[in-house]
Amino acid sequence: MKYAYYPGCSLHSTAKEYDMSIKAAFRGLDIGLEEIPDWVCCGASSAHATSEILAHALPAKTLAAVDRDTKGVVVPCAACYSRFRATNAALQEDPELRAQVKSAIGVAYEGEIPVRHPLDVVVNDYGLDAVRAKVSKELTDLRVASYYGCYLSRPPKVVAFDDPENPTSMDDLVAALGAEVVDWPYKTECCGGSLSFTRTDVANRLSHDILAMAADGDADCIAVACPLCQSNLDLQQRRVNRQYGTSFEIPILYFTQLIGLALGMTPRELGLTLHSVNPKKLLKKKALTDLGRR
145 MKYAYYPGCS
155 LHSTAKEYDM
165 SIKAAFRGLD
175 IGLEEIPDWV
185 CCGASSAHAT
195 SEILAHALPA
205 KTLAAVDRDT
215 KGVVVPCAAC
225 YSRFRATNAA
235 LQEDPELRAQ
245 VKSAIGVAYE
255 GEIPVRHPLD
265 VVVNDYGLDA
275 VRAKVSKELT
285 DLRVASYYGC
295 YLSRPPKVVA
305 FDDPENPTSM
315 DDLVAALGAE
325 VVDWPYKTEC
335 CGGSLSFTRT
345 DVANRLSHDI
355 LAMAADGDAD
365 CIAVACPLCQ
375 SNLDLQQRRV
385 NRQYGTSFEI
395 PILYFTQLIG
405 LALGMTPREL
415 GLTLHSVNPK
425 KLLKKKALTD
435 LGRR
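Adding 144 to a residue's 1-based position in the sequence shown gives its number in our numbering.
Hints may be right or wrong, so weigh each one.
Said to hold, decoys possible - Straight-line C-alpha distance at most 25 Å; calculated DSS-like pairs for lysine-lysine:
hint, residue 1, residue 2
1, Lys160, Lys425
2, Lys167, Lys215
3, Lys167, Lys281
4, Lys428, Lys281
5, Lys167, Lys428
6, Lys278, Lys430
7, Lys428, Lys278
8, Lys428, Lys160
9, Lys146, Lys215
10, Lys278, Lys424
11, Lys246, Lys429
12, Lys160, Lys246
13, Lys429, Lys215
14, Lys281, Lys429
15, Lys424, Lys167
16, Lys301, Lys215
17, Lys278, Lys167
18, Lys429, Lys278
19, Lys301, Lys424
20, Lys425, Lys281
21, Lys215, Lys246
22, Lys278, Lys215
23, Lys146, Lys167
24, Lys146, Lys160
Source of the hints: derived by calculation from the structure; they are not laboratory data. Computed from a predicted model, the values in this text were never measured in an experiment.
Input sequences plus hints: build the corresponding full structure.
Structure (structure tokens):
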């Protein structure tokens with residue numbers, strides 16, 4: 145089982161722990177990843193706001209370079225995933241746009257490469273039974289609130305591989321790892337990540353509400369599948385605490401880090417030493433890993 149791999153800008157910079165943990169977890173599950181050579185930025189919201197052609201040409205340039213012998217491309221960043229899926233959908237439906245994009249990138253691409261999120265791959269391709277068979281250290285007594293955010297659920301016709309209103313794929317994976325799933329209503333609420341620098345008041349309010357709801361559910365940690373959500377909820381917890389007089393100290397972990405822990409990997413292998421809210425205390429309390437092996 146081999147996939148092309150698109151890390152995107154975040155996983156090569158501010159979200160190195162996501163890159164580290166997906167590579168480690170997929171290696172532990174015997175899922176092959178092959179990074180696309182000479183990939184380019186997906187354009188994110190900047191290109192989308194500037195030019196429709198540019199917004200689709202950037203993802204198309206990378207997708208056109210994907211090895212056709214793979215099962216598609218794995219895109220961990222939910223924002224990149226959304227842009228890639230949107231480009232595929234647009235190119236499949238619009239011949240004129242296909243011609244314009246071809247002119248821009250110098251090669252024909254018609255939206256034919258499957259774009260997959262790693263959560264989708266693990267749950268629906270690899271399978272939860274196969275995951276359970278690989279678990280060597282169950283995440284017993286760890287209460288996890290699964291947070292999907294915006295990009296994995298909206299717009300549902302383009303991106304969703306799960307119920308857009310009440311997704312359960314991450315919850316099912318968390319349960320397969322032996323952890324306890326927190327039932328909470330904020331799975332797909334926006335965290336305000338895109339407003340972190342322009343409207344900090346709004347971003348703080350949205351993040352506060354998510355953190356408060358997770359705390360009300362007695363969550364030990366929040367599991368995420370997006371580097372923008374992780375960065376916002378992790379790095380900005382202190383800012384939220386200052387504004388609201390709260391004392392949140394909730395680790396924000398990538399679901400791939402949870403997989404790695406259940407496979408017996410060390411915190412250093414999974415980038416768990418790179419978080420703003422240090423999960424060391426939680427992991428030690430739950431006896432989930434030998435922290436002395438870092």
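Structure-based check of each hint:
1. Our distance criterion of 25 Å between C-alpha atoms is met by Lys160 and Lys425, whose separation comes to about 21 Å.
2. Note on Lys167 and Lys215: the hinted pairing holds, with a Cα-Cα distance of about 17 Å set against a maximum of 25 Å.
3. At most 25 Å may separate the alpha-carbon atoms for a hinted pair to count; Lys167 and Lys281 meet this at roughly 19 Å.
4. Annotation: proposed proximity of Lys428 to Lys281 holds, straight-line Cα distance about 14 Å (limit 25 Å).
5. Taking the CA atoms of Lys167 and Lys428, the gap is about 24 Å. The hint holds against a cut of 25 Å.
6. Between Lys278 and Lys430 the alpha-carbon distance is near 20 Å, which keeps this suggested pair within the 25 Å criterion.
7. For the hint linking Lys428 to Lys278, the alpha-carbon distance of about 22 Å falls within 25 Å, and the restraint holds.
8. About 23 Å separates the Cα atoms of Lys428 and Lys160, which keeps this hinted pair within 25 Å; it holds.
9. For a cut-off of 25 Å, the pair hint linking Lys146 to Lys215 stands: about 6 Å separates their Cα positions.
10. About 24 Å separates the Cα atoms of Lys278 and Lys424, which keeps this hinted pair within 25 Å; it holds.
11. For a cut-off of 25 Å, the pair hint linking Lys246 to Lys429 is broken: about 55 Å separates their Cα positions.
12. Among the hinted pairs, Lys160 with Lys246 is inconsistent with the structure: their alpha-carbon atoms are about 33 Å apart, more than 25 Å.
13. A distance of roughly 40 Å separates the Cα atoms of Lys429 and Lys215; the hinted pair therefore is violated under the 25 Å criterion.
14. At roughly 15 Å between alpha-carbon atoms, Lys281 and Lys429 fall within 25 Å of each other, so this suggested pair holds.
15. This hinted pair checks out: Lys424 and Lys167 have alpha carbons roughly 21 Å apart, not beyond 25 Å.
16. For the suggested pair Lys301 and Lys215, the alpha carbons sit about 21 Å apart, so the restraint of at most 25 Å is met.
17. Only pairs whose Cα atoms come within 25 Å are accepted, and Lys278 paired with Lys167 is accepted, the gap being roughly 16 Å.
18. This hinted pair checks out: Lys429 and Lys278 have alpha carbons roughly 23 Å apart, not beyond 25 Å.
19. With a CA separation close to 39 Å, the supplied pair Lys301 and Lys424 exceeds the 25 Å bound.
20. Using a Cα cut-off of 25 Å, the hinted pair Lys425 and Lys281 holds, with the two alpha carbons roughly 18 Å apart.
21. Taking the CA atoms of Lys215 and Lys246, the gap is near 23 Å; set against the 25 Å cutoff, the hint holds.
22. Of the pairs offered as hints, the one joining Lys278 and Lys215 holds, with about 22 Å between alpha carbons and a cut-off of 25 Å not exceeded.
23. A distance of roughly 12 Å separates the Cα atoms of Lys146 and Lys167; the hinted pair therefore holds under the 25 Å criterion.
24. Distance check on the hinted pair: Lys146 and Lys160 sit about 22 Å apart at the alpha-carbon level, within 25 Å; holds.
Hint violations for this structure: numbers 11, 12, 13, 19, all remaining hints satisfied.
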